[in-house]
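**Student:** Fit chains R, P and U to the given chain D structure using the hints.
Number of protein chains: 4
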Amino acid sequence: MRVGGIFYFGYSAGMKNIDLKKLNEKIQHFVDERDWDQFHSVKNLSMALSVEASELLEIFQWLKEDESNHVAQDAKLMGKVEDEVADIFVYLLRIISKTNIDLEKVVLNKLEKNILKYPVTLARGSHKKYDEL
Amino acid sequence: MRVGGIFYFGYSAGMKNIDLKKLNEKIQHFVDERDWDQFHSVKNLSMALSVEASELLEIFQWLKEDESNHVAQDAKLMGKVEDEVADIFVYLLRIISKTNIDLEKVVLNKLEKNILKYPVTLARGSHKKYDEL
Amino acid sequence: MRVGGIFYFGYSAGMKNIDLKKLNEKIQHFVDERDWDQFHSVKNLSMALSVEASELLEIFQWLKEDESNHVAQDAKLMGKVEDEVADIFVYLLRIISKTNIDLEKVVLNKLEKNILKYPVTLARGSHKKYDEL
Amino acid sequence: MRVGGIFYFGYSAGMKNIDLKKLNEKIQHFVDERDWDQFHSVKNLSMALSVEASELLEIFQWLKEDESNHVAQDAKLMGKVEDEVADIFVYLLRIISKTNIDLEKVVLNKLEKNILKYPVTLARGSHKKYDEL
Chain D
78 MRVGGIFYFG
88 YSAGMKNIDL
98 KKLNEKIQHF
108 VDERDWDQFH
118 SVKNLSMALS
128 VEASELLEIF
138 QWLKEDESNH
148 VAQDAKLMGK
158 VEDEVADIFV
168 YLLRIISKTN
178 IDLEKVVLNK
188 LEKNILKYPV
198 TLARGSHKKY
208 DEL
Chain R
78 MRVGGIFYFG
88 YSAGMKNIDL
98 KKLNEKIQHF
108 VDERDWDQFH
118 SVKNLSMALS
128 VEASELLEIF
138 QWLKEDESNH
148 VAQDAKLMGK
158 VEDEVADIFV
168 YLLRIISKTN
178 IDLEKVVLNK
188 LEKNILKYPV
198 TLARGSHKKY
208 DEL
Chain P
78 MRVGGIFYFG
88 YSAGMKNIDL
98 KKLNEKIQHF
108 VDERDWDQFH
118 SVKNLSMALS
128 VEASELLEIF
138 QWLKEDESNH
148 VAQDAKLMGK
158 VEDEVADIFV
168 YLLRIISKTN
178 IDLEKVVLNK
188 LEKNILKYPV
198 TLARGSHKKY
208 DEL
Chain U
78 MRVGGIFYFG
88 YSAGMKNIDL
98 KKLNEKIQHF
108 VDERDWDQFH
118 SVKNLSMALS
128 VEASELLEIF
138 QWLKEDESNH
148 VAQDAKLMGK
158 VEDEVADIFV
168 YLLRIISKTN
178 IDLEKVVLNK
188 LEKNILKYPV
198 TLARGSHKKY
208 DEL
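Residue numbers (this note's numbering), protein chains in the order written: chain D, 78 to 210; chain R, 78 to 210; chain P, 78 to 210; chain U, 78 to 210.
This is chain D alone, in the form it adopts within the complex (with noise of 0.2 Å):
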């Protein structure tokens, strides 16, 4: 896309490398200070994550979807946004420190499940799950 002379491709200022490790130390000594360990079990933790997810859900409920593509324009919203985005991660990453999970692996092997669950041939232009395709 060219907008005012300089190419863009479809670049995202926010799509760079993250310190996992650093991120986590940051989350865990806010929880310690706290004494907040004793609430976050593995069970607790996914219910507190599916709220944030609702949360963010919320934002989105009564908008068209052409709005919601938009919502970027719009800083009030793009702050609730971003709070709610961080909030899902935050939980995300106290998961995935509890169980000891590899974030970026994890993602690569369901990546290749679902290359196998949707074949291109089958899936392309389908919103359908794969049970029915």
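Any given hint might turn out to be false.
As the list makes no split between identical chains, a pair holds if one copy fits it or if it spans any two.
The calculated BS3-like cross-link candidates involving lysine-lysine, where the alpha carbons are at most 30 Å apart (straight line), are [unchecked claim]: (1) Lys99 - Lys187; (2) Lys141 - Lys103; (3) Lys153 - Lys175; (4) Lys182 - Lys194; (5) Lys175 - Lys190; (6) Lys205 - Lys175; (7) Lys182 - Lys153.
Read the hints as simulated data drawn from the structure, not as lab findings.
**Tutor:** What follows is chains R, P and U alone, placed relative to chain D:
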């Protein structure tokens, strides 16, 4: 835990660097091959993220908190947890990509907010919400 | 639709009396026969209810709003919707039963609150939350 | 249980007849006065229902199972539970109304399915899913 002559305490194998740009490109390629971007409005992606968070929740719904903390010892259950964690992160990356969010930055910002909302002296050992402390 | 010589518009066959006591007894019998009450803490039931609500959500995640409004014309999809609606109501009844809630009363109370929170003059045609009207 | 000279047999005050037609009409009137039907696609209603189910979940996310079972003894917390239960049922009624579902019938049908999916001899005392029994 003793590994190679060094004592590690709470060492988590998955807490390392993630190259979000590279990971996102693989996901985008998977999506583009299937022409699925037409379904991926931010609204719809927030629904899908919430659905995946609930599938993680479902794994723990009848387990005791203590049982959930030992999930890593059950290979079959752990495989499910890994798949759901992957699905959640994939949809989170899709939303980040669409809204141009800097994941690390928004997490650090939210952590700063939470440090103010939950002062150690008031929040220590309590699971109350900030407006009830 | 013509019924008994009278024209009804928007008539809904399902909107009739429900004997909650009788329905709850059947569900309780089903639970007792399986000795499942041991899993049915209010916490766990709130998880199960949320999981079922997400299974309903999943049906509509990639559909256009307009497509979702015509779901009743797709017998297969409608069968799924009915099953999820049933699951949601069963878990809602379990929670009501455990906490001794009068369902009709709390709905009427909440409606009264909402009438005050969303005055017609301010709320008409708007999907904003009451604190942003 | 004997309370104040009266015998209670697990009697639940809320388990009585509900006239869904009448209740639905009050809700429809509330919606029409605010011209909100334009937002109430079945897709959006399924989002709203899921959001409300998560708000109920949030109440219990850090509580022990045992604490959740005594929620009725905490008037403030119980007020929140009642409000969320009301919101959930209101959105369930909206969906039922839009899709013309007979609530009692679909619950009884689902119960029949579950009786077959979870035979007492296999399911007794187990929280496994039917496909893992």
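**Student:** Work down the list of hints and note, for each, if the structure agrees.
**Tutor:** Structure-based check of each hint:
1. For the identical chains of this complex, lysine 99 and lysine 187 are neighbours both inside a copy (25 Å) and across copies (16 Å), given an alpha-carbon limit of 30 Å.
2. For a Cα distance limit of 30 Å, the shortest separation of lysine 141 from lysine 103 across copies, 27 Å, qualifies, whereas the shortest one inside one copy, 37 Å, does not.
3. With identical chains, the CA atoms of lysine 153 and lysine 175 are at most 30 Å apart between copies only, with a shortest distance of 17 Å across copies and 34 Å within one.
4. When the C-alpha separation of lysine 182 and lysine 194 is checked against a cutoff of 30 Å, the pair qualifies only within one copy, where the shortest distance is 18 Å, while the shortest distance between copies is 35 Å.
5. For the homomeric pair lysine 175 and lysine 190, the shortest alpha-carbon distances inside one copy (24 Å) and between copies (24 Å) are both at most 30 Å.
6. Taking the shortest Cα distances, lysine 205 and lysine 175 sit within 30 Å of each other only across copies (22 Å), while inside one copy they are farther apart (34 Å).
7. When the C-alpha separation of lysine 182 and lysine 153 is checked against a cutoff of 30 Å, the pair qualifies only between copies, where the shortest distance is 17 Å, while the shortest distance within a copy is 35 Å.
Hint check: no violations occur; every hint is consistent with the structure.
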